[in-house]
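Trainee: Listed below are the residues making up each chain.
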Amino acid sequence: MTEVKMSAKDLHLWYGEMEALKGVSLDMNKNSVTALIGPSGCGKSTFLKTLNRMNDLVEGCRIEGDVRLDGEDIFRKGIDLAELRKRVGMVFQKPNPFPMSIYDNIAYGPRVHGIRKKKVLDEIVEKALRGAALWDEVHDRLRKSAMGLSGGQQQRLCIARVLAVEPEVVLMDEPTSALDPISTQRIEDLMAELKQKYTIVIVTHNMQQAARIADRTAFFLKGEIIEAGDTLQIFQQPKDKRTEDYITGRFG
Amino acid sequence: MNRILMNTAMEGLHESMLEMGRLCERGIDEVLSAIYRSDKELAATVVARDDSIDEMERRIETQCLSILARFSPVANDLRAVTAAMGIISDLERIGDQCADIAEMVEHLCGADKHIQPMADLRLMGDTARSMVHDALDSYIGGDAEKAKGVTMRDDIVDAALERVILHLTNIMRESPDAVSQAVDMLFVAKYFERIADHATNIGEWSVYLSTGTHPLDKELRQE
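Chains A and B supply the protein sequences, listed in that same order.
So for the first sequence, our numbering puts the first residue at 1; every next one is plus one.
So for the second sequence, our numbering puts the first residue at 1; every next one is plus one.
Just so you know, these hints were derived from the structure itself, not from any lab.
Here the structure is a predicted model, which means the values were calculated and not measured.
Among the hints, erroneous ones may be present.
Stated by the list, open to error - No farther apart than 27 angstroms at their CA atoms in a straight line, the calculated lysine-lysine pairs in the DSSO-like style are these:
1. A/Lys-239 with B/Lys-148
2. B/Lys-148 with A/Lys-241
3. A/Lys-239 with A/Lys-22
4. B/Lys-146 with A/Lys-241
5. A/Lys-86 with A/Lys-144
6. A/Lys-117 with A/Lys-127
7. A/Lys-222 with A/Lys-239
8. A/Lys-30 with A/Lys-9
9. A/Lys-222 with A/Lys-22
10. A/Lys-239 with B/Lys-146
11. A/Lys-49 with A/Lys-195
12. A/Lys-49 with A/Lys-94
Use the sequences and the hints to build the structure in full.
Mentor: This is how it looks when you write it as structure tokens:
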């Protein structure tokens, strides 16, 4: 059974005069990975950031259209943005651990949300690190600085940090582009596991990665979705010539 | 993916396939001539050529695997490589069948020649050869319409086979001495019919390349 977790309908977004999204519609299913692909500047990252309203922070940004989480409008008046971003977490291209211990990195979010008891925090930290497949590597140095971890470990730490606040949707903006192949594989394996519990939306420039991990793929070009569908269909038999040209390296 | 390197590799693949196709066409032509001219030496050439065709199949397989490994092709590119692997196995079978026919030439053209090769046999051979040619052309050019033309011509060959069978049955009824050669001739005709079937398969791969759907799939779905 596919259940739509998040959906965008006729979404327009302007940065000042520039229309970065020109009427984008996309359903993102629960317990599945949706990949957004397309050349630089096509609007895929902008779209991703709209899903937890990170674009609100950009000056001159104007949005029209409809984005829903479990059927509820995320642009409605009075919505609690902190709550929205807790439910829709984000992992960025470059691992960005806080300059503090591994433990405190993970406990940061839960503490912000008011959890103080050490025993509860301990449990959350272990669960999140296990969820991000990092526990075995760091459990004996939780009090050491997160800055001492490798790039791949740092990225999994950032994923753990998102998991610690128990999100429903995890947005990933090119999460492996700064990582070596082994770390990349770890994160990809992790995504396959995470989708059992979460809804994942990932922006990737690596088309083979989209082909490997995504259930559905959407191809963006110049602020529009040209084609969205089952990943296998997109990569075996795209319907639109522009999709075909992009994924076979004829432009982009 | 590096488009320039990929294009070069695909061109190399197409060249090899055309060469393999030419070897098969030559085999069909020569085995036909061998039958009509009772030319045993020519028949021996056809048998010998089968090894080169098998060798080409292995070489092209290697080319396909190398493209898959180096470029991880998708969409049209992926279908082109998949189709190539299917097509060469049909070409290899065509080579085998030419050799099988060639091996019967000696018996058919012995001192006591009871059966004259009929015109329908030439029609079958010529049609099959042109089908192989056009099917491969349609694959290289991505021309699905041409491929459909190939599939249609298969009916010509099938109809000719029925006439050949009828003709040979009559001969066998009338002259028991001719039975042994007539049976061989039946096989020859059947092999030509199989060659046309393989050409049809190649045409279907070409349709798959252009449309993304193998025509067989559709037929199966209708059943």
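Trainee: Decide, hint by hint, whether the structure agrees.
Mentor: Verification of the hints:
no. : hint                     : result
1   : A/Lys-239 with B/Lys-148 : holds, 22 angstroms
2   : B/Lys-148 with A/Lys-241 : holds, 23 angstroms
3   : A/Lys-239 with A/Lys-22  : holds, 20 angstroms
4   : B/Lys-146 with A/Lys-241 : holds, 22 angstroms
5   : A/Lys-86 with A/Lys-144  : holds, 26 angstroms
6   : A/Lys-117 with A/Lys-127 : holds, 16 angstroms
7   : A/Lys-222 with A/Lys-239 : holds, 18 angstroms
8   : A/Lys-30 with A/Lys-9    : holds, 17 angstroms
9   : A/Lys-222 with A/Lys-22  : holds, 8 angstroms
10  : A/Lys-239 with B/Lys-146 : holds, 22 angstroms
11  : A/Lys-49 with A/Lys-195  : holds, 20 angstroms
12  : A/Lys-49 with A/Lys-94   : holds, 15 angstroms
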